[in-house]
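**Q** The residues making up each chain are set out below.
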Amino acid sequence: MVILEKQTNVRKTWGDIMKKELPGNVSSSVKRMDIFEKLHILTDAAKYDVACTSSGVERRGDGINMGNCEKAGICHSFSADGRCVSLLKILFTNECIYDCKYCVNRSSNDVVRATFTPEEICRLTMDFYRRNYIEGLFLSSGILKNPDYTMELIYTAIYKLRTEYHFRGYIHVKAIPGASPELIQKVGFLADRMSVNLELPTKESLHRLAPHKSRENILKPMRYVQNRMNENKEELALYRHAPKFVPAGQSTQMIVGATPETDYQIMRVSEALYEKFGLKRVFYSAFVNVNEDKALPMQREQGPPLLREHRLYQADWLLRYYKFKVDELLNEKNPNFNIFMDPKCNWAVQHLERFPVEINTADYNTLLRVPGIGYLSAGRIVKARKMGKVDFVDLKKMGVVLKRALYFITCNGKMLYPTRMEQDYIVRNLLDAKEKLPDSVRNMNYQQLSLFDDGGQGVWLHGQENLYLS
Amino acid sequence: MVKRIYICHDTKEGLFSALYDAWKECRETGEAGIAFYGSLESELFCEYVETIPNSKKANAVEQMIWKNMGKEAYGRIYQASKSMDSGKGTAIFQTMVAARKIKQSDKIMDHLTNPAVKKVHDLSRTVGNEELFFKEILRFRELKNGILYARIEPKHRIVEGIAPHFEGRLPMENWMIYDAVHQEFAVHEAGKRWILVSDVPIDGELLKDVSESEGEIQRLWKQFFHDISIKERESDIRQKRMLPLKYRKNMVEFE
Chain A
1 MVILEKQTNV RKTWGDIMKK ELPGNVSSSV KRMDIFEKLH ILTDAAKYDV ACTSSGVERR
61 GDGINMGNCE KAGICHSFSA DGRCVSLLKI LFTNECIYDC KYCVNRSSND VVRATFTPEE
121 ICRLTMDFYR RNYIEGLFLS SGILKNPDYT MELIYTAIYK LRTEYHFRGY IHVKAIPGAS
181 PELIQKVGFL ADRMSVNLEL PTKESLHRLA PHKSRENILK PMRYVQNRMN ENKEELALYR
241 HAPKFVPAGQ STQMIVGATP ETDYQIMRVS EALYEKFGLK RVFYSAFVNV NEDKALPMQR
301 EQGPPLLREH RLYQADWLLR YYKFKVDELL NEKNPNFNIF MDPKCNWAVQ HLERFPVEIN
361 TADYNTLLRV PGIGYLSAGR IVKARKMGKV DFVDLKKMGV VLKRALYFIT CNGKMLYPTR
421 MEQDYIVRNL LDAKEKLPDS VRNMNYQQLS LFDDGGQGVW LHGQENLYLS
Chain B
1001 MVKRIYICHD TKEGLFSALY DAWKECRETG EAGIAFYGSL ESELFCEYVE TIPNSKKANA
1061 VEQMIWKNMG KEAYGRIYQA SKSMDSGKGT AIFQTMVAAR KIKQSDKIMD HLTNPAVKKV
1121 HDLSRTVGNE ELFFKEILRF RELKNGILYA RIEPKHRIVE GIAPHFEGRL PMENWMIYDA
1181 VHQEFAVHEA GKRWILVSDV PIDGELLKDV SESEGEIQRL WKQFFHDISI KERESDIRQK
1241 RMLPLKYRKN MVEFE
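Those sequence lines, one after another, are chains A and B.
FYI, our numbering numbers position 445 of the first sequence as 445, with every residue one higher than the one before it.
To convert a position in the second sequence, counted from 1, into our numbering, add 1000.
Chain B on its own, in the form it takes in the complex (with noise of 0.2 Å):
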């Protein structure tokens, strides 16, 4: 039988719904690969099939995820699908094949000598440390309205893992996450849950106007931050390696 390409869009949906049509058809022979638009890479005696989005097919592939391997497979296929990496897709649906095949599927996360199941446990790691250091270098400035706005430009999709985060932090502010690279937000407004919102036009003009205080409290923050380093122990390396450049666009000690 040849080999079926189903194909998505990288969203959460799109995502789930091609796992829901590849699983099945083919979670029998397990001959089935997920691309997304845009990464397409032609391969041989391939079928390509286009996937159909809808919640209700996303929604059904999350249960039987979460019902039959269990939340801590879960949580990592969670994560793992919020890389940037044009084989997560594949990666899943194999370690779902992978997992139908064991007895204790809830046991799927710890036979990391499967490639697949390799795969979403390594991806998984790279966006939870992605997050971790978020959270280390996120910088929220005040604006006008007394609303916290910070910006960041991470390389995977982490807005919605750092957000329990700071609404657990910072419950009764007004504040929000831009992920520039992805334009998505997370919005919180004090002592209600946090939301995820993308897609929407934002005014760059607004977001620029900080408060009458915000200018002196970061000029206290970079005093400090000046101060603070031993001039006898300085050391432009061992500083690069802890916190490299590219890191640091968004941080009020390095404007």
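Next comes chain A alone, as it looks inside the complex (with noise of 0.2 Å):
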């Protein structure tokens, strides 16, 4: 607790806060800002991190105190870039004695720092919370002093907003790589998620932009929070009281596009993150380029790699809802993600002596691997053939995009056109059905993306084939 004493001068009021505002520039290790500046450079700081789920824990109302918590999580607003806002998305602080190439707060680059008291803290998320603006706190920091310091600043404050202030909203809590176990088990009982960041996908790249950073102190935590969590699953069967040890599970982050790795390096990583440490959602997060360094690849003209992300996405649903592995989607061979086709086509074309399937006997599994068939259609369909033979227009209401299943489906043994079960042929077919691609990346039209994008590799890949439509 020594820490709070030197880090807080508590404030009561904003009021105060902007009465005790010091005039004129004062260097900038003591100057004294205001709250309105602190949550600028913080926020600023922070909006990197990807995650601002709300998800995974159910929590009522107690009837006392403020908060309570929806399965399904709660978005308040859409910022100017169309990310959801469901946190409040801040750092402790930007100060950091690592010197991560990539990070807009390392700390060769000289930009203001601010510290947030608990307090403040506290009394923001409180304020907010309040009037419907968010949903909870997503609290984060740059490493002070060392990595139990940190963790210690970050436990303070939010003990102090689950206990002070009773706070029974949500709250994410990064863990730093390289605190102790003490540490993140206390915040581990008060917090709904914790993460900890990959950075990159392998250890090679880490070592090269992170070089404080070493894969070994980020997999730690990852796994003391997994054990915990299993730990904590037993004592809940046995207690039905005792403390829940981070509900709402754990997550990462992996920077796509700073480093030459592909897609399949990276789909590997993050399923043996599923498979091996349990973890809720694997995040991707487009490099954006905020630091001049010869480390890091130069900033591509049509900006970060949207579309590379995004299809990494949907492969990340193949893993988590759809049954499928990496090696299927992927290879040496081929280890990029085709840009014109998300990767279920790409697969189904690739596997057309699979195809077509008949709606009314294939088991589930297989329906979930039809183009054009999501999983909820596919639980559709599943109970509605009890009931009777499923023809084409009830695909049609279940929810099924018929432009891209048609190729691979048949209804009592008919085909919706006639078709010909040619890679060519459908290929055609499929790309010109037009996916529907999110905004963001819509704008870029193909042309553009055949003759500059090189499916986000960078510099690194000078040459190499990564679309593969035959």
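Treat the hints loosely; a few may be bogus.
Subject to a maximum C-alpha distance of 25 Å in a straight line, what follows is the list of computed SDA-like cross-link-like pairs (lysine to any residue) [what the hints assert, rightly or not]: (1) A/K436 / B/K1231; (2) B/K1107 / A/G399; (3) A/K71 / B/G1075; (4) A/K389 / B/K1231; (5) A/K71 / B/R1193; (6) B/K1144 / A/N65; (7) A/K213 / A/K160; (8) A/K434 / B/K1240; (9) A/K397 / A/L376; (10) B/K1222 / A/C84; (11) B/K1135 / A/I74; (12) B/K1249 / A/D127; (13) A/K386 / B/S1105; (14) B/K1118 / A/G61; (15) A/K436 / B/E1232; (16) A/K71 / B/N1129; (17) B/K1144 / A/R130; (18) B/K1231 / A/C84; (19) A/K71 / A/F189; (20) A/K101 / B/K1107; (21) B/K1118 / A/A384; (22) A/K160 / B/M1172; (23) A/K71 / B/M1242; (24) B/K1222 / A/V112; (25) A/K389 / B/K1101.
Stretch-level coverage of chain A by chain B, calculated; a stretch enters the list once three of its residues show a Cβ under 8 Å from a Cβ in chain B [said to hold, decoys possible]: (26) 59-68; (27) 72-82; (28) 120-133; (29) 303-311.
Think of the hints as simulated: they come from the structure by calculation, not from any bench.
The beta-carbon is built from N, C-alpha and C at its ideal position, and this holds for glycine as well.
If you follow the hints, you should be able to join the two separate chains into one complex; please do so.
**A** Below is the structure:
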């Protein structure tokens, strides 16, 4: 608690803070900033973190204290980049002893530094939450002094929020790599979700771009949280009211496009994280170049590799909901996703020998693999065909996208149109049907893509053939 | 026999009273419809009957739906009755008639091939989606007297649907939600259950008078909202698709 005394000048109201604001420019280390400035700096520094979900935990109000949580999560607004705003996403401090090349807060950058006090974080959260601006708090931080010290600061803030302010809303906290297990455990009992950022897919890249971080230090807290969550499940089975440890699970994020890894490598890592570490989500963050650094690829003309990010998310869904394995989607020879076609269609046109499948007899897992049939509509089909034969008209009502599915299915032995089961023919027609891309990547047309977009590989993969349409 | 159309006011009591009358007289034939004052479309070969609203009648119908058609159907029908669609009354009545004809009346909501059931289902989903949406975008402001006040302009009557959510969330706050389109209030006094109030004249001036710290917190929020966007990824189209302009009217960050 020594930390607290040094850090906080507890000021009770925002009004007081405004009055105490010092005029003129005082040197940055001793400058007492007002809350506006701090919020500005520490939001700006936190925005590159992708996760802003408030899902995964259902907590009813207790009739006295403020806050409840909805299982599906709630987005409260959408910022100018179209991303949802669900949590108050801020850093505790943007001071950092590490010098990660891609990070805007790295120690060698000359940016204005600021640090919140736990009191300020609590008041901001409560004031925003009370007005229904946010669903809770997302607290991350630069590394101040050392990992343990930083984790302790985070702990102090959310301890105060949970026990003094009795906040029952959602809290997402970063576990700091290298922090001691005891601290992580303490934090985990207060937070709903924890995450440690993997940052980069391979050890080598991490070593090159984030020399102060090590793969071991990142995976250690992840493993610890996983084990502790499993133990907690047993505790909860025994004692229903035992405190919950990270009830909404843990997530992580990787930067895409800053290093030469292929999509195959990235997806392999994701698969391992889902299977071996029991992660809830892996997020992908298209690399945005904020620092001029010779170790980083140049900022591409058309901005961050958003299409590549989109393809990775699509494949991520295939892993989590559609029972695909990475090795089915990609391999050493074709290590990157087709930029013209989504991974599921791409897989299907390469495995035409398995199609068409009969809607009325195919099992659920086979239906899942048909392009145009999502896991919800696959479930509906299985339910509906118990009552009677399913036809194309019914499929449409169930939400199946027929313009994609029609090449791969039969209903009662008939296809929708006479269709040639040839790869070229189907690919051409699927591309004509135009995929619905997110608006952010839709602005680029195919011509642009084939000329300039190397699938987000930056400068390393010159001349490598990434596209396969045959 | 000529089809009978029962006319009522678009209130809970009015609608359920009309359902009562229709059920009493036409449940065998199913040849009846329900129309609302203000959205009457005359049909040929119809007999128009005005309903006298009465809470006893309304309660009887509610009880009957609850008992015979089950909790799920009741929830759907109730939610559909909050819709502004003028065909809702007829759809609900036809759903009740259809439920009467099947063996397991409580499974009626699974019969989506019946157009009336489908309509009730769709209406309930539309209303439910709007409720979800307003749980997200509703914004409270603190008035001088410490009361949290939110103004919303929804298409359907959703105040009743969202109030329980905020009661769970802000149990010890005095708050009220004002639906400016349908002139309904949900009022919650700290520590008590919320109540629905309508037809009360409001003092517009009182609602404009915000507390001292309100402006500052709104500025902080706007600042945060501005800073959280990544410039390199900005896309107006995407933002508009996720959050259409018509919903932004009462949101602090878009003022």
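**Q** All hints, please: hold or fail.
**A** Checked hints:
| no. | hint | in the structure |
| --- | --- | --- |
| 1 | A/K436 / B/K1231 | 23 Å, holds |
| 2 | B/K1107 / A/G399 | 23 Å, holds |
| 3 | A/K71 / B/G1075 | 20 Å, holds |
| 4 | A/K389 / B/K1231 | 52 Å, violated |
| 5 | A/K71 / B/R1193 | 24 Å, holds |
| 6 | B/K1144 / A/N65 | 22 Å, holds |
| 7 | A/K213 / A/K160 | 29 Å, violated |
| 8 | A/K434 / B/K1240 | 22 Å, holds |
| 9 | A/K397 / A/L376 | 12 Å, holds |
| 10 | B/K1222 / A/C84 | 15 Å, holds |
| 11 | B/K1135 / A/I74 | 8 Å, holds |
| 12 | B/K1249 / A/D127 | 21 Å, holds |
| 13 | A/K386 / B/S1105 | 20 Å, holds |
| 14 | B/K1118 / A/G61 | 34 Å, violated |
| 15 | A/K436 / B/E1232 | 22 Å, holds |
| 16 | A/K71 / B/N1129 | 16 Å, holds |
| 17 | B/K1144 / A/R130 | 15 Å, holds |
| 18 | B/K1231 / A/C84 | 15 Å, holds |
| 19 | A/K71 / A/F189 | 18 Å, holds |
| 20 | A/K101 / B/K1107 | 61 Å, violated |
| 21 | B/K1118 / A/A384 | 15 Å, holds |
| 22 | A/K160 / B/M1172 | 19 Å, holds |
| 23 | A/K71 / B/M1242 | 20 Å, holds |
| 24 | B/K1222 / A/V112 | 21 Å, holds |
| 25 | A/K389 / B/K1101 | 24 Å, holds |
| 26 | 59-68 | holds (count 9) |
| 27 | 72-82 | holds (count 9) |
| 28 | 120-133 | holds (count 7) |
| 29 | 303-311 | holds (count 3) |
Consistency note: the structure conflicts with the earlier hints numbered 4, 7, 14 and 20.
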